[in-house]
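Each chain is listed here by its residues.
Number of protein chains: 2
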Amino acid sequence: MKKIRIGIVGYGNVGRGAEKAVLAAPDMALRAIFTRRDVQSIKPADKSVPVLPIEDAEKMAGEIDCMILCGGSASDLAEQGPMFAKHFNIVDSYDTHAKIPGYLASVDKAAVNTTAVISCGWDPGLFSIMRTLFESSLPDGAGYSFWGPGVSQGHSNAVRGVPGVLNAVQYSIPIDNAVEAVRNGSRPELTARQKHLRQCYVVAEPGADKQAIEQAIKTMPDFFADYDTTVEFISETEFASNHRAMPHGGMVLRSGATGENTQVMEFSLKLESNPEFTASVMTAYARAAFRLAEEKQFGAKTVFDVPLTYLSEKSRDDLIKELL
Amino acid sequence: MKKIRIGIVGYGNVGRGAEKAVLAAPDMALRAIFTRRDVQSIKPADKSVPVLPIEDAEKMAGEIDCMILCGGSASDLAEQGPMFAKHFNIVDSYDTHAKIPGYLASVDKAAVNTTAVISCGWDPGLFSIMRTLFESSLPDGAGYSFWGPGVSQGHSNAVRGVPGVLNAVQYSIPIDNAVEAVRNGSRPELTARQKHLRQCYVVAEPGADKQAIEQAIKTMPDFFADYDTTVEFISETEFASNHRAMPHGGMVLRSGATGENTQVMEFSLKLESNPEFTASVMTAYARAAFRLAEEKQFGAKTVFDVPLTYLSEKSRDDLIKELL
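These protein sequence lines are chains A and B, in that order. Residues 1 to 324, numbered by our numbering, are exactly what the first sequence covers, in order. Residues 1 to 324, numbered by our numbering, are exactly what the second sequence covers, in order.
It is possible that some hints are incorrect.
No copy labels: a pair is met if it fits in one copy or bridges any two.
Said to hold, decoys possible - Simulated crosslink set (EDC-like; lysine to aspartate or glutamate; CA at most 16 Å straight-line): (1) LYS270 to GLU260; (2) LYS99 to GLU322; (3) LYS86 to GLU55; (4) LYS218 to GLU232; (5) LYS99 to ASP317; (6) LYS99 to ASP76; (7) LYS3 to ASP27; (8) LYS195 to ASP226; (9) LYS99 to GLU79; (10) LYS321 to ASP305; (11) LYS99 to ASP318; (12) LYS314 to ASP27; (13) LYS210 to GLU232.
Note that these hints are calculated values from the structure, not bench results.
Could you put together the complete structure from these sequences and hints?
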């Protein structure tokens with residue numbers, strides 16, 4: 001069987017996760033890694049895989065069946081998505097929920113002869129699948145998404161932006177009472193504060209005003225003001241030994257009814273590595289993007305558009321026999 | 001908007017559940033209920049809905065956009081599936097896992113100008129979706145399906161077949177230790193006995209040999225011999241007051257890894273009414289069958305073949321805006 005030739009764009013945590021996933025997939029070959037950094041600074045896991053400047057990617061159109069875009073939504077994808085979709089089938093994990101329709105349109109415009117599956121990590125991605133499947137299966141009900149316990153990169157970055165902060169990490173923690181209420185079949189209306197706690201671990205600059213830092217964090221609009229937030233100051237050493245992992249996870253729940261009967265649906269993830277899992281899901285969708293393109297199903301797609309048969313390494317017959 | 005015209009075939013627990021689901025769906029109209037029983041004996045929830053003999057169904061080809069087949073796999077569907085698929089778009093919950101490929105082929109052969117989505121309840125159905133999505137997202141791992149706590153109709157019927165048994169119900173109970181081991185990221189190899197307990201509540205005939213009944217149940221091959229089984233004798237009164245509900249549920253789990261990191265995925269259902277939930281899922285797939293047929297995507301399909309956009313009452317744009 002001819003292997004699906006994959007390119008990885010961006011070699012941060014997600015890019016390295018994609019590298020692992022692609023190297024482990026028996027039906028894929030990792031053709032190249034593209035980076036904006038000095039190519040010499042990058043040591044790929046498989047030394048035979050070329051590391052190339054991102055500007056050289058276009059020259060490889062025709063040699064790569066799908067590009068896995070591993071950059072961030074704001075900094076990278078808004079530009080890279082449409083740019084790469086002109087020449088390559090792509091997948092990405094674009095996750096600025098409010099801007100997805102606009103991003104989808106811009107990628108779709110570019111993907112005239114290519115297939116692009118956008119926003120296909122775990123949220124957006126698997127969680128989106130669950131929200132839709134749950135709502136369709138149980139229309140009379142209420143849906144809930146909880147995130148964590150885990151590290152939110154966005155909130156961690158926000159804390160790191162506070163003057164006097166050297167380093168920081170923010171854990172989002174779902175509030176047990178809220179989760180249990182839904183699991184037990186009620187349909188509570190929950191404020192942001194009732195759904196998640198925010199725990200910050202901060203390394204302050206020597207001599208910084210810790211009270212001012214704590215105050216600045218807790219009152220930060222959007223990120224923290226609407227939540228119960230804890231701030232704990234720790235040393236750089238403690239940070240390095242206890243807070244460098246990137247666990248995450250969360251739950252999608254739906255509590256509803258058919259007639260008089262309560263029905264509860266739940267999906268959960270417990271992830272030791274958020275970026276590796278995101279990359280692993282994207283790698284499955286890279287397979288789908290390639291197969292859709294082979295059938296000339298071009299344009300920008302979401303997880304809502306892609307049948308599961310396209311995701312699996314197994315044939316449809318085997319899926320039906322083994323997993324239906 | 002023109003409503004999707006639905007027919008329901010079979011008016012047992014699942015059929016009555018489908019009736020509720022269709023009457024609650026704003027984009028559907030319940031056109032008729034078909035039964036093998038005396039039509040006078042059936043009192044539909046909406047008195048304006050005609051109840052007709054199943055033999056008259058064929059005359060209504062062209063007046064029904066999708067038939068929801070609510071019969072059992074062995075007794076009804078093996079024959080009804082191909083028969084109805086000749087003239088109607090259909091959905092069903094065919095659940096004899098080992099025979100699905102053959103059933104799919106026989107329905108596919110009949111569905112030349114129609115669309116049939118088979119085996120689209122919760123297992124097979126939603127659980128199958130999870131097994132495939134989990135395996136594709138996390139290839140290095142092990143998958144597990146647990147059923148219950150809940151009533152297994154097949155096992156209850158098996159107990160009712162034992163001489164001296166007047167009435168009986170069997171609850172399948174997942175074994176906590178097994179579930180917790182998987183949740184904690186290990187990949188145990190589990191025997192049938194290690195995964196589920198079987199609890200039987202039996203009403204015996206007056207004067208029956210209870211020891212013989214218990215022995216007959218516990219040694220029954222396939223159904224009970226490979227499990228730890230408990231048998232409790234109760235009165236008809238207790239049976240009527242405590243054991244007439246049809247709760248069910250279960251879990252699909254996958255415990256795996258990306259690189260060195262453990263990742264755990266879980267889906268669970270907690271259902272007060274198994275037949276109503278099955279019917280509710282089938283009703284969503286009835287929408288999909290109709291829409292696929294409108295696009296001339298004919299033939300027999302499974303949940304692996306149907307994109308989520310076809311299931312939801314919402315438009316693709318709204319799904320992307322609200323749920324992605």
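Legend entry - 16 Å Cα threshold - placement of ASP226 relative to LYS195: within (11 Å within a copy, 44 Å between copies)
Legend entry - Status of GLU232 relative to LYS210 across identical chains (alpha carbons, at most 16 Å): Within. Shortest intra-copy distance 10 Å satisfies the 16 Å Cα cut-off; inter-copy 65 Å does not.
Inset, instruction - State whether the alpha carbon distance between LYS218 and GLU232 is at most 16 Å within one copy, between copies, both, or neither. - result: within (12 Å within a copy, 58 Å between copies)
Legend entry - Alpha-carbon proximity between LYS99 and ASP76, which holds within one copy, between copies, both or neither at 16 Å: Close inside one copy (14 Å), not across copies (49 Å); limit 16 Å.
Legend entry - Identical-chain pair category, LYS321 with ASP305, by Cα at 16 Å: between (24 Å within a copy, 14 Å between copies)
Inset, instruction - Could you place LYS3 and ASP27 in one of the four classes (within, between, both, neither) given a Cα distance threshold of 16 Å? - result: within (5 Å within a copy, 44 Å between copies)
Inset, instruction - Pop the pair LYS99 and ASP317 into one bin, within, between, both or neither, using alpha-carbon distances up to 16 Å. - result: between (38 Å within a copy, 13 Å between copies)
Inset, instruction - Up to 16 Å between alpha-carbons, please classify LYS99 paired with GLU322: within, between, both or neither. - result: between (39 Å within a copy, 12 Å between copies)
Legend entry - 16 Å Cα threshold - placement of ASP318 relative to LYS99: between (38 Å within a copy, 14 Å between copies)
Legend entry - Status of GLU55 relative to LYS86 across identical chains (alpha carbons, at most 16 Å): This pair counts as within: shortest intra-copy Cα distance 14 Å, inter-copy 56 Å.
Inset, instruction - Classify it for me, LYS314 with ASP27: is the Cα-Cα distance of at most 16 Å met within a copy, between copies, both or neither? - result: within (10 Å within a copy, 36 Å between copies)
Inset, instruction - Evaluate LYS270 and GLU260 at a C-alpha cut-off of 16 Å and name the case that applies: within, between, both or neither. - result: between (33 Å within a copy, 14 Å between copies)
Checked against the numbered hints above, the structure violates none of them.
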